[in-house]
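**Student:** Listed here are the chains, written in short residue letters.
Number of protein chains: 2
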Amino acid sequence: MKEIRLAARPTGWPTAAHFEVAETEVPTPRDGQVLIRNLFMSVDPYMRGRMNDTKSYVAPFEVGAPLDGGAIGEVVASNAEGIAVGAVVVHGYGWREYAAVDAARVRVVDPTAAPTLSAYLGVLGMTGLTAYVGLLDIAQFREGDTVFVSGAAGAVGSAVGQIARLRGAKRVIGSAGSAAKARHLTDDLGFDAAFNYRDAPVRDQLHAAAPDGVDVYFDNVGGDHLEAAIGALTTYGRVALCGAIAQYNDAAPPAAPRNLALAIGKELNLRGFIVANHNHRMPEFVAEVGGWLRSGQLSARETVVDGLANAPEAFLGLLRGENTGKMIVRLCGSEQ
Amino acid sequence: MKEIRLAARPTGWPTAAHFEVAETEVPTPRDGQVLIRNLFMSVDPYMRGRMNDTKSYVAPFEVGAPLDGGAIGEVVASNAEGIAVGAVVVHGYGWREYAAVDAARVRVVDPTAAPTLSAYLGVLGMTGLTAYVGLLDIAQFREGDTVFVSGAAGAVGSAVGQIARLRGAKRVIGSAGSAAKARHLTDDLGFDAAFNYRDAPVRDQLHAAAPDGVDVYFDNVGGDHLEAAIGALTTYGRVALCGAIAQYNDAAPPAAPRNLALAIGKELNLRGFIVANHNHRMPEFVAEVGGWLRSGQLSARETVVDGLANAPEAFLGLLRGENTGKMIVRLCGSEQ
Numbered sequence: 001m002k003e004i005r006l007a008a009r010p011t012g013w014p015t016a017a018h019f020e021v022a023e024t025e026v027p028t029p030r031d032g033q034v035l036i037r038n039l040f041m042s043v044d045p046y047m048r049g050r051m052n053d054t055k056s057y058v059a060p061f062e063v064g065a066p067l068d069g070g071a072i073g074e075v076v077a078s079n080a081e082g083i084a085v086g087a088v089v090v091h092g093y094g095w096r097e098y099a100a101v102d103a104a105r106v107r108v109v110d111p112t113a114a115p116t117l118s119a120y121l122g123v124l125g126m127t128g129l130t131a132y133v134g135l136l137d138i139a140q141f142r143e144g145d146t147v148f149v150s151g152a153a154g155a156v157g158s159a160v161g162q163i164a165r166l167r168g169a170k171r172v173i174g175s176a177g178s179a180a181k182a183r184h185l186t187d188d189l190g191f192d193a194a195f196n197y198r199d200a201p202v203r204d205q206l207h208a209a210a211p212d213g214v215d216v217y218f219d220n221v222g223g224d225h226l227e228a229a230i231g232a233l234t235t236y237g238r239v240a241l242c243g244a245i246a247q248y249n250d251a252a253p254p255a256a257p258r259n260l261a262l263a264i265g266k267e268l269n270l271r272g273f274i275v276a277n278h279n280h281r282m283p284e285f286v287a288e289v290g291g292w293l294r295s296g297q298l299s300a301r302e303t304v305v306d307g308l309a310n311a312p313e314a315f316l317g318l319l320r321g322e323n324t325g326k327m328i329v330r331l332c333g334s335e336q
Numbered sequence: 001m002k003e004i005r006l007a008a009r010p011t012g013w014p015t016a017a018h019f020e021v022a023e024t025e026v027p028t029p030r031d032g033q034v035l036i037r038n039l040f041m042s043v044d045p046y047m048r049g050r051m052n053d054t055k056s057y058v059a060p061f062e063v064g065a066p067l068d069g070g071a072i073g074e075v076v077a078s079n080a081e082g083i084a085v086g087a088v089v090v091h092g093y094g095w096r097e098y099a100a101v102d103a104a105r106v107r108v109v110d111p112t113a114a115p116t117l118s119a120y121l122g123v124l125g126m127t128g129l130t131a132y133v134g135l136l137d138i139a140q141f142r143e144g145d146t147v148f149v150s151g152a153a154g155a156v157g158s159a160v161g162q163i164a165r166l167r168g169a170k171r172v173i174g175s176a177g178s179a180a181k182a183r184h185l186t187d188d189l190g191f192d193a194a195f196n197y198r199d200a201p202v203r204d205q206l207h208a209a210a211p212d213g214v215d216v217y218f219d220n221v222g223g224d225h226l227e228a229a230i231g232a233l234t235t236y237g238r239v240a241l242c243g244a245i246a247q248y249n250d251a252a253p254p255a256a257p258r259n260l261a262l263a264i265g266k267e268l269n270l271r272g273f274i275v276a277n278h279n280h281r282m283p284e285f286v287a288e289v290g291g292w293l294r295s296g297q298l299s300a301r302e303t304v305v306d307g308l309a310n311a312p313e314a315f316l317g318l319l320r321g322e323n324t325g326k327m328i329v330r331l332c333g334s335e336q
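In order, the protein sequences belong to chains A and B. FYI, the numbering for the first sequence is 1 to 336, going by our numbering. FYI, the numbering for the second sequence is 1 to 336, going by our numbering.
Only chain A is shown next, with the shape it has when bound in the complex (with noise of 0.2 Å):
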């Protein structure tokens, strides 16, 4: 079997010779554990901090090991009792063909329930949990709330501005990294309003798609969207600090918001949050979203890219901007 493995350490933007594809055996399940065939992973923003060698709420990866990250396959060896051959599961043990994974450690779901298999890393896995934690519980979004997310293209972006929609928004804002992105937020998911970040200053273009200011932001780049945001905040402004994905590659200190002091007169509320801490609201989350996903009034696009040894451009691309939903990498594709 294949496996994706950390080669080196990068420094500043990691390239393709950070990444390596070995050759490895496939592994045995020992007592209590299933041998899983991975069907798609997941590559997401937050992998990049996992490749640098600083203590955070992941354990970094570590050099000549594989990689791992959100995964859903096919159990194909079960020593677990409950878990049948050909259960779908999702699971961590995704840059990788195979795994052999203790039954407490992975989940079960229901392959005819979602539209697409992938989905269960996107907009009904953790994915669209971020989106519906962030937004309800962190920023405590309420009915009538003018919205603004940055990166709304991507995966949790998109998944934002559709739940402030559904849930009654006066008005949904998002930026993203083209022309066309941004025309899919308008045409594709209902935003009220979206714009291109490279067109003209973050600040200028969100004045002028939200002259009357914004009440809720939803954070997934930082630098100066956060500073353009808490210039546009109204008074209980309530931000989710959700990613910095503008500095996951700076060498340097990043670019500060330098009117945080805004931030006492209107007494906004600036509120970090990593979704692993919020599991319990998965109920919740599956029953509204999965329900909106299945009336058609919530749609996820997705950019899947074929084969296991093409995870690390996927990964590449994605901190380039260059998908539209969620990144997606399709294990059982051209390559096999």
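For the record, the hints were derived by calculation from the structure and aren't laboratory data. Warning: the hint list may mix true and false statements.
The list treats identical chains as interchangeable, and a pair is accepted whether it falls inside one copy or across any two copies.
[To be verified] The calculated lysine-lysine pairs, modelled on DSSO-like cross-linking and capped at a C-alpha distance of 30 Å, are: (1) K266 to K2; (2) K55 to K2; (3) K266 to K55; (4) K2 to K170; (5) K170 to K55.
With chain A held as given, fit chain B onto it using these hints.
**Tutor:** Relative to the frame of chain A, chain B by itself:
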């Protein structure tokens, strides 16, 4: 009578030339008004912002008009029902010897219930309420928390640290601008540790004082203090953004916390506030802090400057950090 007017708007640090001592007529109280002879007035850091012509949560001072702000005085004439001559009242028309004020905009206080009349402008007034609300409501202080407060020898900061101690903090750490102030914090106010921020980088001194991190940071300063605190905060740490005195006189955009993205992984909550929106907490605050004051468990030093004509210098000294505790101007002082 004398009053202090804004002579010109400063860029950067204000000087005496931005103020003017003017002579004017003692006003005549209209129907429903009282005439007050001011006894003490408050100078506060937020007044620096009002010298700029920028939209904020309080209107800017007008060039050529008298400044205003918290004051306490004696009613010397009354056209208002229920407020007798001789009553002592707190109100918002400082920076002048006499003021005619609507009865609805004064608060009658019991002059025997506080250690000094000026306490109604400080530890038992808006200053103390700022500390109380910021620590308990905004930063959601809980017994057992380790608390860090900057500007800790100032009026708000010294109250924050003592309230935290009396409410059961595990450890209270303060920063101040001189060795004498730092000693005052540990020797007189019961802080567990204190440092002079001019001695070495805040980050290093904070780490030495709180090797296990801090759970709550009360920010009066902004800048490198806020950045150091973000680095030291534990998971689910909370920040009350109260002031940013380090940057009030900056003509250029201020330094911002370059590590704000740490708020994501640590699930930090940063929340700004202005006390004027939290007056509903006044009764609980007066009961609790007043009790500690009477029992001697909490103390409040004042730096008193005599004479209205010296009020500008008192304010400039406050911005330079020359006060310990509340900076107060006594109007019935040596000049009269």
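**Student:** Now, for every hint given, state plainly whether the structure supports it.
**Tutor:** Each hint, compared with the structure:
1. In this homomeric assembly, K266 and K2 never come within 30 Å of each other (Cα to Cα): the closest approach is 53 Å inside a single copy and 35 Å across copies.
2. Proximity of K55 to K2 under the C-alpha cut-off of 30 Å is restricted to the intra-copy arrangement: shortest distance 28 Å within a copy versus 61 Å between copies.
3. Proximity of K266 to K55 under the C-alpha cut-off of 30 Å is restricted to the inter-copy arrangement: shortest distance 11 Å between copies versus 33 Å within a copy.
4. For the identical chains of this complex, K2 and K170 are neighbours neither inside a copy (49 Å) nor across copies (52 Å), given an alpha-carbon limit of 30 Å.
5. For a Cα distance limit of 30 Å, the shortest separation of K170 from K55 across copies, 25 Å, qualifies, whereas the shortest one inside one copy, 40 Å, does not.
Checked against the numbered hints above, the structure breaks hints 1, 4 and satisfies the rest.
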